[in-house]
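S.K.: All chains should be modelled from the sequences, with the hints used to inform the complete structure.
So the sequences go chain by chain: A and B.
In terms of this note's numbering, the first sequence has 188 at position 188, counting the first letter as 1, and numbering is strictly consecutive.
Just add 1000 to wherever you are in the second sequence, counting from 1, and you've got this note's numbering.
Derived from the structure by calculation, the hints contain no laboratory data.
Every value quoted in this text rests on a predicted model; they were computed, and no experiment measured them.
Possibly wrong hints are sitting among the right ones.
Stated by the list, open to error - EDC-like, lysine to aspartate or glutamate: derived pairs with alpha carbons at most 20 Å apart:
id: 1; chain 1: A; residue 1: K68; chain 2: B; residue 2: D1037
id: 2; chain 1: A; residue 1: K185; chain 2: B; residue 2: D1037
id: 3; chain 1: A; residue 1: K68; chain 2: A; residue 2: D29
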Amino acid sequence: MHAMTHAANDRFLAPEPEAVLLLRAAEGDTRAFHDLALMLARPALALAIRVLGDHGAAEDAVQDALSKLWREACRFDPERGSFGGWWRRILMNSALDGRRRLRPAASLDDAAEVQDPAPGPADAAEQADLAARVQAAAAGLPARQRAALSLFHGDGLTMAEIADALETSEKAVEGLLLRGRAALKETLMGLKDELK
Amino acid sequence: MTNERNPDSALERALAQWGQLDAGDGAAVARIVQHADAIAATSPQHQPALPARYGKDRRWLSFAMGGGAIAASLALALMVMPQPGAPVGKAAGTLMGTTPVMPDAATEQGAYELAAAEREVDSFAMLFTLTAEEEQFL
Chain A
1 MHAMTHAAND
11 RFLAPEPEAV
21 LLLRAAEGDT
31 RAFHDLALML
41 ARPALALAIR
51 VLGDHGAAED
61 AVQDALSKLW
71 REACRFDPER
81 GSFGGWWRRI
91 LMNSALDGRR
101 RLRPAASLDD
111 AAEVQDPAPG
121 PADAAEQADL
131 AARVQAAAAG
141 LPARQRAALS
151 LFHGDGLTMA
161 EIADALETSE
171 KAVEGLLLRG
181 RAALKETLMG
191 LKDELK
Chain B
1001 MTNERNPDSA
1011 LERALAQWGQ
1021 LDAGDGAAVA
1031 RIVQHADAIA
1041 ATSPQHQPAL
1051 PARYGKDRRW
1061 LSFAMGGGAI
1071 AASLALALMV
1081 MPQPGAPVGK
1091 AAGTLMGTTP
1101 VMPDAATEQG
1111 AYELAAAERE
1121 VDSFAMLFTL
1131 TAEEEQFL
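M.R.: And the structure:
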């Protein structure tokens, strides 16, 4: 989550490397944009998968966000905010675009059968299974609740940063998280043995 | 609820695991980067990066363009307005500084056109002139 976890006030200490690359990209430096895309792609894809619940749609959303990033590169103003916040807004707008409907990758029952594809320690498989169950349960939540939960638990953002990414107020984010957690808890009640 | 995590540890642990779900798909990441490269290659940047004060520096331009549009509209309106004292039916609708060309009554065709023009003026005037019956009715 290198690109995602920059605190907004970090920019006063040192310029974000992503911001430097973007400013070069805005001048037409395709190599800089390639490096920037390499830095952003994986964490952005992980976030989009959590939000959308579908690998194909998530990949599409990240591609869309990177296209916007290239087109809008000249509009980025480091004096007005951090690159991380700006990029998260673009990514969330792409992911929460109404055209992308959540297609759950697996139902809760199917999720119970999910195993870690790579052979490894039993607890790693158990953790992967647990994550898959939460992912399946989260599929029933409204998209903005999933996004708030994902930014909070996945990227460790503060309320203010989540509010900025979702272009809403901190109070609204608080509500999204509370409702999302309550709904998830209820859905996962049947799996309390796994959650112990 | 601030930035503090909920004390419900079981749900907390499950959400933490979910939050650590990685993309894990190197092929998807490669496709995304390839797509980004293609976008950058096919749609070059046309505008230089904006300076921080871009909007403020260029604000005068929109005012100037708006003022120019208003001035042009006023000038056009003045040009199509009838000149004060111009004979009605001849100069009306004629641009300032031009002379209306009237048919030459000396030729047969000219006389016909002149008569037709006068009939048009007469019929136009008739629209606003009461007939004897209308006057009596009123």
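S.K.: Now look at each hint and say whether the structure bears it out.
M.R.: So, going through the hints one by one against the coordinates:
Only pairs whose Cα atoms come within 20 Å are accepted, and K68(A) paired with D1037(B) is accepted, the gap being roughly 13 Å. Distance check on the hinted pair: K185(A) and D1037(B) sit about 42 Å apart at the alpha-carbon level, beyond 20 Å; violated. Distance check on the hinted pair: K68(A) and D29(A) sit about 16 Å apart at the alpha-carbon level, within 20 Å; holds.
Hint check: a violation occurs at hint 2 only; the rest are consistent with the structure.
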